[in-house]
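Participant: Throw the hints in and build the complete structure from the sequences for me.
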Amino acid sequence: MTNRFRTASGGRIDRAAPLSFRFDGQTFSGFKGDTLASALIANGVHLIGRSFKYHRPRGFLSAGSDEPNALVNVARDAARAAPNLRATQVELHEGLKAQSQNRWPSLSFDAGAVNDLASPFLPSGFYYKTFMWPAGAWKRFYEPKIRAMAGLGVAPELPDPDRYTQNHAHCDVLVVGAGPAGLAAALAAAESGARVILCDEQAELGGSLLSEVSATIEGRPAAEWLAATLASLAARDNVTLMPRTTAFGYFPHNLIALAERVTDHLATPGADLPRERLWQVRATEVVIAAGALERPLVFPENDRPGVLLADSARTYANRYGAKVGERAVIFTACDAGYRAALDLKAAGVSIAAIADLRTEVSGELPARALAAGIDVRPSTVLVGTKGRLRVSSAQLAKVKNGAVGPAETIACDSVLISGGFTPSVHLFSQSRGKLIWDGAAGAYLPGTSVERERSAGACRGVHGLQRVLEDGYAQGEAAALASRDHASPARGATPAPATPSRAIPASAEDLGSAGFIGATPHGRNPALAKAFVDWQNDVTSKDILLATREGMRSIEHVKRYTTTGMATDQGKTSNMNTLGIVSEALDTPVPKIGLTTFRPPFTPTTFGLFAGAARGDVFDPLRKTAIHDWAAEHGAAFEDVGNWKRAHYFPRAGAGGRMEDMHAAVARECKAVRASVGMFDASTLGKIEIVGPDAAEFMNRMYTNAWAKLEPGRLRYGVMLREDGFVMDDGVVGRMAADRFHVTTTTGGAPRVLAHMEDYLQTEWPDLDVWLTSTTEQWSVIAVQGPKAREVIAPLIEGIDLSKEAFPHMCVREGTILGVPTRLFSVSFTGELGFEINVPSAYGRAVWEAVYAAGERFGITPYGTETMHVLRAEKGYIIVGQETDGTATPDDANLGWAVGKAKKDFVGKRSLARDAMSAPDRRQLVGLKTTDPKIVLEEGAQIVTDPAAPVPVPMLGFVTSSYHSAVLGRSIALAMVKGGRARIGQKLMVPMPTHAIEVEVVEPVFYDPKGERLNG
Amino acid sequence: MLIITCPWCGARPEVEFRYGGEAHIARPADPSALTDQEWADFLYNRTNPKGLHAERWRHIHGCGRYFNALRDTVSDFFVTTYKAGEARPDVDASSGGSK
Ligand SMILES: [Zn+2]
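Respectively, the protein sequence lines represent chains U and X. When we follow the working numbering, the leftmost residue of the first sequence carries the number 1, and every step to the right adds one. When we follow the working numbering, the leftmost residue of the second sequence carries the number 1, and every step to the right adds one.
A few of these clues could be false.
A few chain U residues that don't get close to chain X, going by computed Cβ distances all over 10 Å [as the list claims (entries may be wrong)]:
| id | residue |
| --- | --- |
| 1 | Ala79 |
| 2 | Leu152 |
| 3 | Leu255 |
| 4 | Val450 |
| 5 | Asp510 |
| 6 | Pro589 |
| 7 | Gly1016 |
Just the calculated beta-carbon pair ranges, DEER-fashion [as the list claims (entries may be wrong)]:
| id | chain 1 | residue 1 | chain 2 | residue 2 | range |
| --- | --- | --- | --- | --- | --- |
| 8 | X | Glu86 | U | Ala913 | 31 to 41 Å |
| 9 | X | Asn45 | U | Trp897 | 49 to 59 Å |
| 10 | X | Asn45 | U | Ala664 | 38 to 48 Å |
| 11 | X | Met1 | U | Asn525 | 47 to 57 Å |
Since the hints were made in silico from the structure, they are not lab data. Owing to the predicted nature of the structure, the values given are computational and were not obtained by experimental measurement. Beta carbons: idealized from backbone N, C-alpha and C, even for Gly.
Facilitator: As structure tokens, then:
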């Protein structure tokens, strides 16, 4: 409960607002303004997790979003649980409950730590080398085991009860990052009158200024300047400040995705608030002020709890009033170690020694450290650390001419390391800007821009507080100016170095650009020394060297082989050191090794943010016909057909109250249609109204059939091809008038067919006077099919002569049904006498119910799509997309009769003239009858002549439709078979895993081959 | 997400549009007069340039019209858009960006 490691005063925490929280079941206290990390550190807790692969004890490395170790699960309840959150970004609130991850049974004793002892057997690339045998074992055995042992957090299993919203925003200038450069940029852009959004991933805006205790800006302490600047920005109408908002993705045309965390920091979030908001910001200009990330040093045992980045330790002390320990050893390659040492000493941490990798140590900060009595040791490295769950000592050794001398052990409870700073070029790189290696800075810096963006401050290698502020101000002014030009933005340009219109005098320590990249020398047996490069994925310098020895040259290969940089932190702390190690091993300069690609998201993002409201019932649009509810009320089982819900079959209670299964229901429905009458909701058919003086000419060009001579009042089955000659869609078309066609399409094909028609009409034949209108949803379509169909509808129809002579098969008449206008088709997809009643959708259900009532005396049977499929297969009617697969010609599908041979041209005609399109060995539609009539073939099954032929067995074709036909008392199937029509009468085989099934090739019409039933 | 300027409606986000392949490939007036090779060229062969590409787009969730665009396939930026039937504008890739 004590905050033993809290400073006596200072920091930005609110000491008047204590908060109680739990970590791994233990209660602690912190203050408002703490992160989970700072509060635990103030309580002396550093052991925060176990590493991914070796289960090594790990502590906090950093204080920000780059943290690789401190991943925790934060849960309000069983459903509201978020794994893998960085404790350094989790804001403390009253009652917060957090748990460590990847440990069993407990954090301090973890059985998985045996992996650490087994590590000689887990070298880099071990996934590829070890677990590939026997075949299939990876999926069944190794992967689940490895996932269970080497893992991250566990996702909750309950649905997420929180809301996530998605918003769009526009601005003239988006500034990413509210450190000194970003603040100055926002200020300058706002003063120029631009509409500005300033976002930052942290709870408080200010960036590095939040950790400053001695710097001054414009004559005031940095904290005062920050408060005044934020107040002035907040007061402006043209500025939106967005804390807790991560710019995680940079997408084309300056679309920046922001993740705003709205409620995670609240003890009791209001029910009206979403948990997170996704902002899609379209910015005219972007200023990236992402700052720089401190780089660790790579030396043996650099991963013990208590080993932290030096500047992060300074942030804990200055910003949060939390001391990382009582006695620290510092290992540095730049002045950041000295600045941290001085600030920590002032906060009450004793500094045991500063080991400086550099031979020459000079400058203001080292001088001040010496003056403060700190033991400063140039040319010194850390060659190891000791301690079980927390560092207890560091081993220091002199380096002379590359040789490492004897080690001296210094007791300590913390080791603070700094290898310099890496500019954060993630967003710039995501924008596809070109990075350029700057040898003097030892860093990749933004080069040529692709998008309308510019970088400012530390993320482009500028250092020194005043220079950073002035660079930010200048870039903000330039961005505001550029944003006025919406018409011709300069692209592919490197933003010119800008000069601010005013100076922003500031005083602070300038750390310069010194630093180190790679692994530091240690002189120990390399087989026994683990020097970590990538903390989160447990990659050591030894692993990187092994990869280079095994032939990896490109950094992309090294990355994939070792998995370095591939964890959820995307190598924020490891990428540059990896490059340095490879560079040294291959004796190749860093820029020659390449740089891996930075990809969104910058930090992990929740799925909820992307899903937004699109979940559950509104995940995807659901389409229902006007008759849907009737079907549901009558017990229909539904199936999904595209976005449509269609009645699949209508099970009834049989003897003893047992519900029919699909097989029984379909058998009953089929028999009813053939024996008497059935009704079917065909409303999902696509419908297009084609109108205009040139409508017939347009139809002639779009369909294979001849339309010119089709009289008004007649129907015709139309076949549509793509220009490559293959069947694209089919449907019955009614000629309503000389200049008007009622076209139907397949259920799934409607949008595609309309787009296809529009394409030709708009771009090839704009001279044709034709209008196309989708009418799919305007009409309900009720198919009444069976010998009694005419008798059922006759009493309901007015204004249409239904007699056989006046209204034969394949006609359309207009009249009324129950007083509702109808287009009545005499058409059949069952082979029986049939009608399709088209009525405006608003009357669909009423007409359906009237037909059902009128049919009762004939036992009218509503049927679903499964019965529709069986009935049409009995007649050999194809379904485009089931019998055809985009490589079938009309002739292949037995539709050669529908091709108007005399027509000069139609879409696809020229392709049909190619020799290959009429080759005799093309796959053709045939029927199959199994020798054993009880066997129903599997759709998709292959067809061969001899299943015992040497592999690969030549494949003749495949089964496209297969059903049990109750009416015929046997199974039937349709198939596409090479040269199929010439094989009628032959026996072929359908091989299955355990045996082969004998089939006979037959004509594809199984029922009423002469078509005598169509006319009733 | 790209911003695409429909010549009829103005600048709109990419999700309102559907790509329509290379532009200025007219369907031959009499396909039957073409050899198989000529027909195959019309059907399948496209220029696939590195740089400026004239291509068709349809404002499918807007006015529904097809139009043409010049897009730089290297930078993925649109240089200009124009109505179907108009000639390809004589511009180069550096002459602008998305409007
Ligand atoms: Zn438009």
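Participant: For every hint, state whether the structure bears it out.
Facilitator: So, going through the hints one by one against the coordinates:
1. Listed as a non-interface residue, Ala79 of chain U keeps its Cβ farther than 10 Å from every Cβ of chain X; the least gap is roughly 32 Å.
2. Separation of Leu152 of chain U from chain X is adequate, the least Cβ-Cβ distance of about 30 Å exceeding the 10 Å criterion.
3. Separation of Leu255 of chain U from chain X is inadequate, the least Cβ-Cβ distance of about 5 Å not exceeding the 10 Å criterion.
4. Interface exclusion of Val450 of chain U from chain X breaks down, the closest Cβ pair being 6 Å apart, not more than 10 Å.
5. Against chain X, the non-interface label of Asp510 of chain U holds: every CB pair exceeds 10 Å, the least being about 38 Å.
6. With a cut of 10 Å on Cβ distances, Pro589 of chain U stays outside the contact zone with chain X, its closest approach being about 27 Å.
7. Its beta-carbon lying about 43 Å from the closest one in chain X, Gly1016 of chain U satisfies the requirement of being farther than 10 Å from that chain.
8. For Glu86 of chain X paired with Ala913 of chain U, a C-beta distance near 33 Å keeps the hint of 31 to 41 Å intact.
9. Judged by the Cβ atoms, the range 49 to 59 Å given for Asn45 of chain X and Trp897 of chain U is violated: they are separated by roughly 33 Å.
10. Our hint of 38 to 48 Å for Asn45 of chain X and Ala664 of chain U is violated, since their Cβ atoms are close to 55 Å apart.
11. A beta carbon spacing of about 54 Å between Met1 of chain X and Asn525 of chain U agrees with the range 47 to 57 Å that was offered as a hint.
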